[in-house]
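Now for the letters of each chain:
There are 2 protein chains.
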Amino acid sequence: MTRKLVYRFEPDKAEGRAEWKELLGGKGANLAEMANMGIPVPPGFTITTEACVDYLRASEFPEGLLDSIGESLRWLEQRTRREFGSVSNPLLVSVRSGARSSMPGMMDTILDLGLNDETVVGLAKQSQSERFAFDAYRRLLTMFGDVVLGIDRELFDGPLSVARRSVARQKRLSVPDDDETLARAVPDSVLGVAELKQVVQEYKRIILQHTGKPFPKDPYAQLEAAVRAVFDSWKNPRAKLYRKMHDIPEEWGTAVNVQAMVFGNLGETSATGVAFTRDPSSGERRFFGEWLPNAQGEDVVAGIRTPRPLARTSESDGLSLEEAMPDSYAELMRIQSKLEHRFRDMQDIEFTIEAGQLFLLQTRNGKRSARASVRIAVDMVEEGLLHPDEAILRVDPERLSELLFPAIDPAASVSAVGRGIAASPGAVCGKAVFSAEDAEAYAGRGEAVILVRIETSPEDLHGMKAARGILTARGGATSHAAVVARGMGRPCVAGCSALHVDYQAGQAFVHGASGDIIATIKHGDSITIDGSSGRVYLGQVPTVDAKLGPEMETLLKWTERVSRMRVRANADTPEQAEKALSFGAYGIGLCRTEHMFFNDERIAAVREMILARDTVAREKALAKLLPFQTEDFAGLFRVMRGRPVNIRLLDPPLHEFLPHDKRQIADLAATMGVSVADVERKVAELYEFNPMLGHRGVRLGITFKEIPAMQVRAILEAACTVRNEGHEVLPEIMIPLAFSVGELRAMRAIIDEVAADVFKKRGFEVHFKVGTMIELPRAALLADQLAEQAEFFSFGTNDLTQTTLGISRDDSGSFLPVYVERGILRDDPFVTLDTEGVGELVRIAVEKGRIARPEAHFGVCGEHGGDPKSIEFCEAIGLNYVSCSPFRVPIARVAAAQASLRRTRKYWR
Amino acid sequence: MTRKLVYRFEPDKAEGRAEWKELLGGKGANLAEMANMGIPVPPGFTITTEACVDYLRASEFPEGLLDSIGESLRWLEQRTRREFGSVSNPLLVSVRSGARSSMPGMMDTILDLGLNDETVVGLAKQSQSERFAFDAYRRLLTMFGDVVLGIDRELFDGPLSVARRSVARQKRLSVPDDDETLARAVPDSVLGVAELKQVVQEYKRIILQHTGKPFPKDPYAQLEAAVRAVFDSWKNPRAKLYRKMHDIPEEWGTAVNVQAMVFGNLGETSATGVAFTRDPSSGERRFFGEWLPNAQGEDVVAGIRTPRPLARTSESDGLSLEEAMPDSYAELMRIQSKLEHRFRDMQDIEFTIEAGQLFLLQTRNGKRSARASVRIAVDMVEEGLLHPDEAILRVDPERLSELLFPAIDPAASVSAVGRGIAASPGAVCGKAVFSAEDAEAYAGRGEAVILVRIETSPEDLHGMKAARGILTARGGATSHAAVVARGMGRPCVAGCSALHVDYQAGQAFVHGASGDIIATIKHGDSITIDGSSGRVYLGQVPTVDAKLGPEMETLLKWTERVSRMRVRANADTPEQAEKALSFGAYGIGLCRTEHMFFNDERIAAVREMILARDTVAREKALAKLLPFQTEDFAGLFRVMRGRPVNIRLLDPPLHEFLPHDKRQIADLAATMGVSVADVERKVAELYEFNPMLGHRGVRLGITFKEIPAMQVRAILEAACTVRNEGHEVLPEIMIPLAFSVGELRAMRAIIDEVAADVFKKRGFEVHFKVGTMIELPRAALLADQLAEQAEFFSFGTNDLTQTTLGISRDDSGSFLPVYVERGILRDDPFVTLDTEGVGELVRIAVEKGRIARPEAHFGVCGEHGGDPKSIEFCEAIGLNYVSCSPFRVPIARVAAAQASLRRTRKYWR
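Same order as they appear, the protein sequences are chains L and W.
The letter at position 66 of the first sequence is residue 48 when you use the working numbering, and the numbering goes up by one with no holes.
The letter at position 504 of the second sequence is residue 486 when you use the working numbering, and the numbering goes up by one with no holes.
Fair warning: there could be bad hints in the mix.
Because identical chains share one entry, a pair is satisfied inside a single copy or across any pair of copies.
To be verified - For lysine-lysine, the following DSSO-like pairs were computed, each having C-alpha atoms within a straight-line distance of at most 30 Å:
{"no.": "1", "residue 1": "LYS447", "residue 2": "LYS226"}
{"no.": "2", "residue 1": "LYS349", "residue 2": "LYS320"}
{"no.": "3", "residue 1": "LYS349", "residue 2": "LYS687"}
{"no.": "4", "residue 1": "LYS447", "residue 2": "LYS504"}
{"no.": "5", "residue 1": "LYS217", "residue 2": "LYS561"}
{"no.": "6", "residue 1": "LYS217", "residue 2": "LYS504"}
{"no.": "7", "residue 1": "LYS830", "residue 2": "LYS195"}
{"no.": "8", "residue 1": "LYS851", "residue 2": "LYS(-5)"}
{"no.": "9", "residue 1": "LYS226", "residue 2": "LYS687"}
{"no.": "10", "residue 1": "LYS830", "residue 2": "LYS851"}
{"no.": "11", "residue 1": "LYS447", "residue 2": "LYS561"}
{"no.": "12", "residue 1": "LYS320", "residue 2": "LYS217"}
{"no.": "13", "residue 1": "LYS217", "residue 2": "LYS447"}
{"no.": "14", "residue 1": "LYS107", "residue 2": "LYS504"}
{"no.": "15", "residue 1": "LYS(-5)", "residue 2": "LYS186"}
{"no.": "16", "residue 1": "LYS447", "residue 2": "LYS107"}
To be clear, the hints were calculated from the coordinates, so they are not data collected in a lab.
The shape of chain L in the complex, shown without the other chains:
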């Protein structure tokens, strides 16, 4: 039995349906669905992803595919009453890729397929426009040359410029030097038949010259080559990069959609456009999109012509589709409403109007900003379209970080130098660079950059990823830059038309209303962009933290009902603790006490402690630190009011507190009243070959018990003080880097001794817990033994990853990126928990620890605690909480809720 490799669709009758994305790709499945819903789509057929996978594996078309395509073409000829390759009545088709999940970066599409020197004449007759026909023909040659034959697209720009110049000369226009200005002065639509014919001749010559073979006139040969090219495009570098960024498996493959062409460029009653059923930036419920009269789809997204709004605007100027083609607009409104109800999500649609007749070319769930995703999800609950649990699952928690980007400080008295489209929200500052390469190079050195481009193309993808923000001179809210930036969560201002970018000179000019240059942005100058307002500023503008907004608050409220896990925050100061509380943290999961040691007054005492010759001198120095630490902890307890505050005892090796260069050492010696040689000896003595695996964590406490004794005293004194002030306190004392119960016993003895002393002096006791971090494989494997002493376990997955994989994070730059790129590791294990290795140890520890001490609680306080994928794993193995930076608390709350929902209610998702 042969598999069905081709599925047909036409209005009211399609072989596929929306749910078959796996087989038909997103575009094909939705075309089928639209067809079944009676929505006008041009008839066509979809070649399955299975065919693609087979092709990619065997490097040849699966058996029967060509036959099926041939049969479907004949069916399509019947349906359209046209004929593929016919000179008198030619059928033209589009060939579009369509993977299971939308991949806008791939863009491998070929339109107008079926044209050759003979059929173009037929098309001219059919359309009654020779100009139209040759325009289509040169478009086909460009796309075919680029996508199928792999000829550099820029080569096709030359003949077009020659033609433009010729027209300009004919029209006695001044001819600008650069092609770009020329293209604006002489748009495609002005080119005449003679010029287009000349361009076509040149294009055929380019193809012959670069491939050694003429452009294939046989439409079937064209189609076969096009399908092959679309299949192959699955493997192109930018597609691979996109998949890596979006976690799309390599093995999916793409479907191919072959569809009868409809033309938006058949004259003034024709048009093409794209639309979102809601505002993809704000999430506001308004039909939102752009269109161009007498244009093909690619003209809208490419950003060459500035598109017009769909709906009538306040300053109505007749440019809107609503005004220009009211009937088509009305039909489009009906269709978009139907689509939203069917798909229960905001839709991103493409349409073409051919001589007054509306066709839908595509619908898909629209990409949107994080803010929009929240608003749309919450609104749709209110509209009765979604259950709150579904709304929670609709939000990509990773992308919520966008909501938490700082905004321009409203108090700052700055004025924008320019304004473009608010294409992706968030305010960000960085050095201006004008190429993707520079963006990557600067970012590689740790510098924040804003990528400034006239417009972006898929080739800029890596630079956009490296940049903190993107600014373009051209293109709208649906331009490449805007779509990709939103997908990446990078702030983006698009189509800032006052900007003139000069790549050669490495600078950009900003023109004022009068056309004068009012500012120059040189390579490396700091600029600030606000993707929420579209404003561009010179220099570094003060920003303020973002607020969550009412919809986000609503969503977060809903998460509380469904989350099993709690979310805590890693916070070292009262300010951070307050921030965490404002984001809904349940408690503090990790307070790193060493961060309190670095201010000027304290570091002197810390160094004195390290340089001490004996226990007595060390205790003296520690006594100076005690009041500081006590006040630190009291501050935290006051903010957290009875919520758990987990405090980790001193963790880093002591040499981290000593200076290492000669001058600082001399200064320290002077301050401490010891010889330079003494300080140098101590620095040398404390030197470690592998400090990560050295004398730190609990090992410090074992060898210098007076250090934890001081810290525990500070914690408990602070707890007593704040209790006396009338607040509840719940301190948790955490022992770092333990791998044996013996260490915990030794520390517990110190803690109990200090506690007895403090409580005796105070005359009352404060309840506190003692537990341990699990950050070494041995600790995980022996969690049952550690449970004898530990009332809680917190997985320090940063260090646990370093030891389990034997990778020093600081030194991993020379090989880890290669590992991720080559798929040896699926993700960067310092971002997303390595569930197979590190996760297995966590699982073992939880299993053993729970049996040994059922009432113990388990959490994660590594950076993975704020990573949604890792949080899903934490839910799966039954942790009690995750702890992350305050900033990521909302993300973790949503992720934790989603994880609970997915685990307990399998039918969602």
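Take the given structure of chain L and dock chain W to it, following the hints.
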């Protein structure tokens, strides 16, 4: 029901037996056994270890113990027809400790208990010697003062010296300044009644002064305090150290033996002695021991008087027991033979002859040198006393390293400067130090030291442990130094009487036959001692490797029948491989290819490779290394002839091959024809914070695939060449530091490509295997996945220990000793495998790996592969082989055989 806390024994009738060591301690159980065998032992009773354990836990005697002791004393009075505390006919007793396992370092013994100012008069009458009675009294006061009352033993030396001086003056002898010479000039036996009475008075005064209470005259009070002191001595520091060194559990406790006194110092028909049933140094089957007439046991072992031989010697001078007391000697010979047959092991016995009547005071399995342990075990098989499997189990494999110590090169033309007793075999060189403290300090700095002492005492234990060898001026083959050194496996020359040690001056003089000083050994001077011959040399004397000897060869042959695991060797050169083969290695378990990179010619090419700007330049440099590596491997294959040779691909980070100081960098730049800045940049670029967790192992192969490609080519070219020479070859290519199957796939692709090329050019194929090291926790946890690519697994337990415990071995000196000392870790995890943590990962890996690939083989190539305790674990979890340094192969072979025997034949041990 009350437990029985006291067990009595008397000839032909004892309540205990030899097998009850757990309850009665070794000494008590064997006393009972001897009594049952009809051997004359003084009657007495043993207080059980259970009583001790109870006492130590509760800090008071268990209920009923004092009553039981009282009843047994009354029984003892009946048996001896004497009365405890009687003025007319006093019973005196000895109180000796006796743990389950012999602990000679403890030495807490009290003799002559029961004496006081009144009973001493009775004893004088009984013995018809007032001198004897007061001599016994002053001995009791010394021992009681030291052991029970904790008074510094040296305080008791003062009055004795006063007495000696007084006698010397009476006898008109010249009075030497130092007490030591004085004691030789005026031995105890010369002290008269008056002096002894004076000494006793002084001793009582010392006791009153230091404790505030007079010496207890009540014998029952004396006994109770003595038992308490012996119990307490279980906890003294030197006993603790001894137990740690010998793996004796803290919780055992000691038994106490209370026995009627017999006296070897009752005149010239009395004597005392110690003996071994075979030579404890060589294992030769000859009765071997020492005695002193008119002496108590402590006089023999303390080394003050030089003891006499038991058996008639060639230059017979009437000093032997055989000549002096032929009847007692004959009885002793009968008894020793009986004891050897009963205990089926070489016995160490103590005896006393009281007025011509022989008593055995103790028998126990004798401590012996490693060589003796092998010879005795093998001889006893031939004598029909043991089964070969038992003989294997009789040898402590850890101690076999003694047999492998180098000996003085017979070709060296050196002459000894002095000669003592060959107390513990092996030749060793080191710097002379004169105190245990110095020995420890020097060893702590990594220097080899020889501890030189007049004689040693338990206080010197830590210094003896730190030293490479021990040299004493006084004492025989049974002296403290000799017994302890043999136990520790340290070479020892004892009783080198030509040596005069001056602690104050920190030097030693060697006297010639004429008495002139012929050499001076200053603190820090190099000396060499040969514990096999007893010779002492100045300076560093050339040594040669040891041979195993015929008995060892026999024993190793027996191991082959019983060992399940194979033993391989870690060898990097043909020389090492030959050494390994000579020790019976089955193959090479680890060849570290990077060791081949360091000679002058090669390091230049290695550095050129590292400094290469691109792959082409790198390949060019590697091409220079290829012939070297090929010859290296060919050399190994030629030696190993078809035995497996496991070759690890390059493992260390590249910066290890670059110079780091300015001059060397400049030299390198000049040699390479690049700028200094270039070299410095590369050095800086390769710098790593934690090189242990950095860019090394398989990561090098992933990022620079031309490196493994060169190495694999060298391996397979070499294999083909040696095959062409007519030898079998079995190369195993090992990939280091992998943690994922993706890495192995990538490496396998390189290996297969190179192999195909080599075999194609050669026209034939050589079978080889590809496998991986498991040295990261993730690799162990994912062994089932790795098994897809790995045909074998070798556990690199050194690195696996570092990552599992998070301990950098290089940096562990500041805390790991504290961990071991405080018992947080039972053993140094880099010496003995941490079975709970690291071992658990190994177990998981073997379990998962075997299921995934049943034919895979598993081995250990970390240093644990040569550690007997670790080998036992390897057997338990079913590894196929262990691999260790060539030197340790015999040890590993015995350990592996023992492990197999213990696992499969539980009844041995």
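Do the hints match the structure? See the list:
With identical chains, the CA atoms of LYS447 and LYS226 are at most 30 Å apart within one copy only, with a shortest distance of 12 Å there and 59 Å across copies. In the homo-oligomer, the alpha carbons of LYS349 and LYS320 lie at most 30 Å apart inside one protomer (19 Å), although the nearest pairing across protomers, at 95 Å, exceeds that limit. Taking CA atoms no more than 30 Å apart as the test, LYS349 paired with LYS687 passes in neither setting, with 56 Å inside one copy and 41 Å between copies. In this assembly of identical chains, the alpha carbons of LYS447 and LYS504 lie at most 30 Å apart only when taken from the same copy (21 Å versus 72 Å across copies).
Taking the shortest Cα distances, LYS217 and LYS561 never come within 30 Å of each other, neither inside one copy (45 Å) nor across copies (55 Å). For the homomeric pair LYS217 and LYS504, neither the shortest alpha-carbon distance inside one copy (37 Å) nor that between copies (78 Å) is at most 30 Å. Within a single copy, LYS830 and LYS195 get their C-alpha atoms no closer than 69 Å, and across copies no closer than 57 Å, so neither meets the 30 Å cut-off. In the homo-oligomer, the alpha carbons of LYS851 and LYS(-5) never lie at most 30 Å apart, since the shortest distance is 40 Å inside one protomer and 77 Å across protomers.
Within a single copy, LYS226 and LYS687 get their C-alpha atoms only as close as 48 Å, which misses the 30 Å cut-off; across copies the closest is 24 Å, which meets it. Proximity of LYS830 to LYS851 under the C-alpha cut-off of 30 Å is found in both arrangements, the shortest distances being 24 Å within a copy and 26 Å between copies. Taking identical chains as interchangeable, the C-alpha atoms of LYS447 and LYS561 lie at most 30 Å apart only when both belong to the same chain, with a minimum of 28 Å there against 59 Å between chains. In this assembly of identical chains, the alpha carbons of LYS320 and LYS217 never lie at most 30 Å apart, being 36 Å within a copy and 87 Å across copies at closest.
Taking CA atoms no more than 30 Å apart as the test, LYS217 paired with LYS447 passes inside one copy only; the shortest distance there is 20 Å, against 66 Å between copies. In this homomeric assembly, LYS107 and LYS504 never come within 30 Å of each other (Cα to Cα): the closest approach is 53 Å inside a single copy and 116 Å across copies. Taking CA atoms no more than 30 Å apart as the test, LYS(-5) paired with LYS186 passes in neither setting, with 39 Å inside one copy and 119 Å between copies. Proximity of LYS447 and LYS107 under a CA criterion of 30 Å is satisfied in neither setting, with 47 Å inside one chain copy and 106 Å between copies.
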